[in-house]
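Following the hints, put chains H, Y and E in place on chain S, whose structure we already have.
Residue numbers (the working numbering), protein chains in the order written: chain S, 1 to 336; chain H, 1 to 336; chain Y, 1 to 336; chain E, 1 to 336.
Treat each hint with caution, since some may be false.
Copies of the same chain look alike in the list, so a pair counts if it fits in one copy or across any two.
To be verified - Straight-line alpha carbon distances no greater than 25 Å define the calculated SDA-like cross-link-like pairs of lysine to any residue that follow:
1) Lys275 <-> Pro249
2) Lys25 <-> Gly50
3) Lys261 <-> Ser141
4) Lys25 <-> Lys290
5) Lys261 <-> Leu139
6) Lys271 <-> Asn236
7) Lys335 <-> Thr77
8) Lys275 <-> Asn259
9) Lys290 <-> Val19
10) Lys117 <-> Gln16
11) Lys271 <-> Ser201
If you are wondering where the hints come from, they were derived from the structure by calculation, not from laboratory data.
Number of protein chains: 4
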Amino acid sequence: MSDLRIGIIGCGAIGQDHVKRINEKVQGATVTGIFEINEKVSRSLGESFGVNVFSSGEQLIESSEVDAVVVSSSDETHARYVLKAIEAKKFVFCEKPLTPKSTDGRHILDAEIAGGKQLVQVGFMRRYDPGYRAVRTLLQSGSYGSPLVLHCSHRNAAIPGFTTPMAIQSSASHEIDICRWLLGEEYVSCEVLMAKNSRHSGSDLHDPQFLILRTESGILITVEIFINCQYGYDINCEVVCEDGIVSLPSPPEVLVKNNGKKASAISSDWKARFKEAYEVEFQEWVSAVKQGRVGGPSTWDGYITAVVTEALSQARDTGERVPISHMECPDFYRKK
Amino acid sequence: MSDLRIGIIGCGAIGQDHVKRINEKVQGATVTGIFEINEKVSRSLGESFGVNVFSSGEQLIESSEVDAVVVSSSDETHARYVLKAIEAKKFVFCEKPLTPKSTDGRHILDAEIAGGKQLVQVGFMRRYDPGYRAVRTLLQSGSYGSPLVLHCSHRNAAIPGFTTPMAIQSSASHEIDICRWLLGEEYVSCEVLMAKNSRHSGSDLHDPQFLILRTESGILITVEIFINCQYGYDINCEVVCEDGIVSLPSPPEVLVKNNGKKASAISSDWKARFKEAYEVEFQEWVSAVKQGRVGGPSTWDGYITAVVTEALSQARDTGERVPISHMECPDFYRKK
Amino acid sequence: MSDLRIGIIGCGAIGQDHVKRINEKVQGATVTGIFEINEKVSRSLGESFGVNVFSSGEQLIESSEVDAVVVSSSDETHARYVLKAIEAKKFVFCEKPLTPKSTDGRHILDAEIAGGKQLVQVGFMRRYDPGYRAVRTLLQSGSYGSPLVLHCSHRNAAIPGFTTPMAIQSSASHEIDICRWLLGEEYVSCEVLMAKNSRHSGSDLHDPQFLILRTESGILITVEIFINCQYGYDINCEVVCEDGIVSLPSPPEVLVKNNGKKASAISSDWKARFKEAYEVEFQEWVSAVKQGRVGGPSTWDGYITAVVTEALSQARDTGERVPISHMECPDFYRKK
Amino acid sequence: MSDLRIGIIGCGAIGQDHVKRINEKVQGATVTGIFEINEKVSRSLGESFGVNVFSSGEQLIESSEVDAVVVSSSDETHARYVLKAIEAKKFVFCEKPLTPKSTDGRHILDAEIAGGKQLVQVGFMRRYDPGYRAVRTLLQSGSYGSPLVLHCSHRNAAIPGFTTPMAIQSSASHEIDICRWLLGEEYVSCEVLMAKNSRHSGSDLHDPQFLILRTESGILITVEIFINCQYGYDINCEVVCEDGIVSLPSPPEVLVKNNGKKASAISSDWKARFKEAYEVEFQEWVSAVKQGRVGGPSTWDGYITAVVTEALSQARDTGERVPISHMECPDFYRKK
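Bound-form chain S, shown alone:
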């Protein structure tokens, strides 16, 4: 079977990684075109990758040389390109978030359902991480009873220019998605507490922040978001169940004993942390698309994340516990 021809919209850091990943790691797919708003970058990438450079995302989507689309442009443009891809009846992989606005999420749901075929996958790569997958398998095994509490922490060494809202919109969206995927339940309420502010935060950021989510069956989820923890990129998830605790493993690192201690490295490189997850994600997406279907996180998952993000933002602004309400999941998105 010939390679799936992929066009990529938005070739900033992550977009360029996707080009390389698809060309060098993924079987059965080739990047054949790109669109990048920054023309200088655009031209240079076109040459170095040897691909078509389109003059707009829309043109790329419509091109007969593009079978499927990857959207990794700036967040607020996602919805537009995804809707266009649905219109063009092409499979589209959209980096998370699908959209920052739940109303846009509704539009995409409506359009996709109207088109009659599931075409959209959202880039929640953690679902492809072997660690999270192993945790989920154990939870579903039934050996540990019902989950009761999840303690998550999501820490970056330092991100310059980060603002208070981004902690929820950008960072926490990973936990919003992965926890409901681990538990198979939706959220019903949320709360946000500011921790004591780190002196490394910068003037536009309150850091760390502490989020609390509650699911339909009453499971409590806590998420510490710490953007400037200084020491490394560190993702933790401890699931407290009725009959035991299950914890996400950390990446393997050489153990060194020297200078009065034993130590192992914690990398600051968040891309490296989920490198394998990204590769499996794209490989599974390509393989599914070649079979004419979507296997990963859907428009529904993107919509829910937008709803929860809005509720959390409101909880942060008001200091109140905020109920989370969303439409019922359309049959269209239910796993048969």
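Relative to the frame of chain S, chains H, Y and E by itself:
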């Protein structure tokens, strides 16, 4: 110097441990008398330990054969005996809680101040645990910047007969004390969330519970209390600071590799977990008393715990965030 | 660039894995032909993989439809096929061991040098494991001074039908190669000690065995080979240096706390343990071959392993310390 | 019961620790007299501890104010004092080694048997370490089948003035004793290999050294002795059994995440490592002596260590495997 003669009021499980501990592990002290409400137990202990059996706590306190008193009777009797010991101008070690009621705490504060001499120590043994002491030393070293968040979990394998209020009154009191000791700050507000209820909870207990405390400088403290976690007695404390994370160590255990896994034991025995702490606590108390002073947790610490316990109980009952207010710390109790 | 067309000789368990790996994981290569001595297996594989089935390894090597050859047939046939591939001037990847006999190793060295071009790579996949690579990087960083002792253990849960000689010939060959690669030194002597024999050993196997190797500069290497350790596949390597200890990490596994312990799994699946190493190995081999060169373990490495294997076998049979002597490394194989 | 009155011969660093330990940590015993060869030290200690200062070890032993004797003088004087104590029919605790010479060990055995009562205990404190005790309990549980190999490492950060023979005579004597205690078997042969010499070794020391011991039933024991490992005092013991591996735990330490790594301290303080073991050792010795018996390592254990030390020294000097032969254990020393 001759041995300090100690009388123990209340010889249930923990009281009997204290008798053995003082006689077998602590230098410079001997148990010379006991009072135990259960007469049968009382007589049998008197014989097996070879000590005087008093017919009331008051009699024991007043006896010329008792230099100092240990109170390990039921919680609601603590205040009475402590007040009596203050009246008798004898040093008194009171098991935690000093009292469940903050008003009683005020009475004891007033009496002790009126007597002009500090006589009371409260049994918060975790302050003597080498792990907590090491954490505190690191925090005070300044190497990690300011603490911002503390994540605590306090899990028991199973406690039959436990009720919902006891999770705060009995279990959480340890965290209430140890966190303010680690941080050197008082609390300003609290909140209690019920997690999903474990099927192992029993009808009178909601388990686990999740407590949130906030300190004067804004540090956020979270405490998961899980009475029936099934797997063992497991105490965790992770202090998230501006420049690093400091975590309480677990007890050392043999690592075994067999049957497809590597594993180490988690004991269910909470007394064994803090055995060294108890011994150091009593040794330091005896040594200080022989020097005519109190070195450990004071009436002030017992009063604050009662205040916070009441606020947490109110937060649990109302579902609201509750401010914590207490009198200012009298000079009498400030470390010079 | 078009795909490298690969023919695979020997399609037992590992050979079939290679077919799948090359077709599904490796970029730029396709398996186009196989030869397998078992005709029934041969036909069935030809159909299921959709590849040519050759009637002999020689025919496969000579075929114009095969650009490069993978040899994964039984050990004693390796030398014959490798020599044939050299004759045909085709790149050949030979599963370890290149040959059990050092004299055959000399023949291959001679033939390859006579041909004037390096064509042979030997399948020591551990050199591609991220853990071993990280250990080597740290050792070469100079931060830990000179290595002084290496403690290795190589344990399998159970291998039915294993014999005493195979512990050295089959299992230890991995450590023979990886330790000299980590250290950049050759061996000068060896010794073999039988540990107490496990009751799980079976009649033809003494298990575990304990090997001692000494390098040119005096570094001591110990290797415990334990074929029936029961609990899992467990590979350890601790490098004791002048200024610190560097240890190979174990694979990441979910940590579970339940039933009175905390535990993480140790898999028995040795293929899974080095899955990533195998993939990187083949990808790097294919990429290098397409550039007309060999980048990995060479005929020289295969020859040395045969020499050391023979010395260890003699040490085992005699109970003596045995010197290890080999020809000097030809310039042809020295990294420029 | 009145306190056991203890005289201590030899008040160097470890002797002074013993004085403090007995007076401050051990129940039922008081140091009443000392003898120290260095007169200045002697006088000053006598004053600061408030004890009698004897003018010779013999005088101390014979004094009616001394019930039991602790010998912590220089190694070569041990036998003399122990023999004297046996003559005086007093219980004597002798720091390890009982004697460097197996012939002296024989003399002590003969004298003690002739006296008709076991009086001597040797200071192998590791037998009282909770970690080693837990390992032994697991081995004796039968859950792991027979032990087959023991891997030990014994590392000090740095010891100035150490010489090559001391690695066996002083350091390894701990492993010689603890391994036979863990296994309940005697040794039959030994071998010593010099590792590559560390640049930190100094001119009189080859460091690290690697010892191999074999027991009666064929169990293989390896011991890495590394006097100048730089990073800390680190004692490891991994017991490879037929059905699993059992490993000595490391001391608990705070886990810190900062500066790109997670780390915990390894102390250089060997006294702190076995502090609890020392306390339990002396407490159990005092308690047993007050009951008129010896409960710990006996003259037999001290004799065996001397025999094995001599064999290892010969193995080191000759480079050969050396058989270990000793007299049969007299019934006098067999546990009934």
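Quick rundown of the hints versus the structure:
Proximity of Lys275 to Pro249 under the C-alpha cut-off of 25 Å is found in both arrangements, the shortest distances being 15 Å within a copy and 18 Å between copies. Within a single copy, Lys25 and Gly50 get their C-alpha atoms as close as 17 Å, and across copies as close as 23 Å, so both meet the 25 Å cut-off. Taking the closest pair of Cα atoms, Lys261 and Ser141 come within 25 Å of each other only across two copies (18 Å); inside a single copy the shortest separation is 38 Å, beyond that limit. Taking CA atoms no more than 25 Å apart as the test, Lys25 paired with Lys290 passes in both settings, with 17 Å inside one copy and 17 Å between copies.
Taking identical chains as interchangeable, the C-alpha atoms of Lys261 and Leu139 lie at most 25 Å apart only when they sit on different chains, with a minimum of 18 Å there against 35 Å within one chain. In the homo-oligomer, the alpha carbons of Lys271 and Asn236 lie at most 25 Å apart inside one protomer (16 Å), although the nearest pairing across protomers, at 28 Å, exceeds that limit. Within a single copy, Lys335 and Thr77 get their C-alpha atoms no closer than 28 Å, and across copies no closer than 51 Å, so neither meets the 25 Å cut-off. Within a single copy, Lys275 and Asn259 get their C-alpha atoms only as close as 31 Å, which misses the 25 Å cut-off; across copies the closest is 22 Å, which meets it.
When the C-alpha separation of Lys290 and Val19 is checked against a cutoff of 25 Å, the pair qualifies both within a copy, at 18 Å, and between copies, at 22 Å. Taking identical chains as interchangeable, the C-alpha atoms of Lys117 and Gln16 are never at most 25 Å apart, the minima being 29 Å within one chain and 37 Å between chains. In the homo-oligomer, the alpha carbons of Lys271 and Ser201 lie at most 25 Å apart inside one protomer (22 Å), although the nearest pairing across protomers, at 42 Å, exceeds that limit.
Of the hints listed earlier, those the structure fails to meet are numbers 7 and 10, in rising order.
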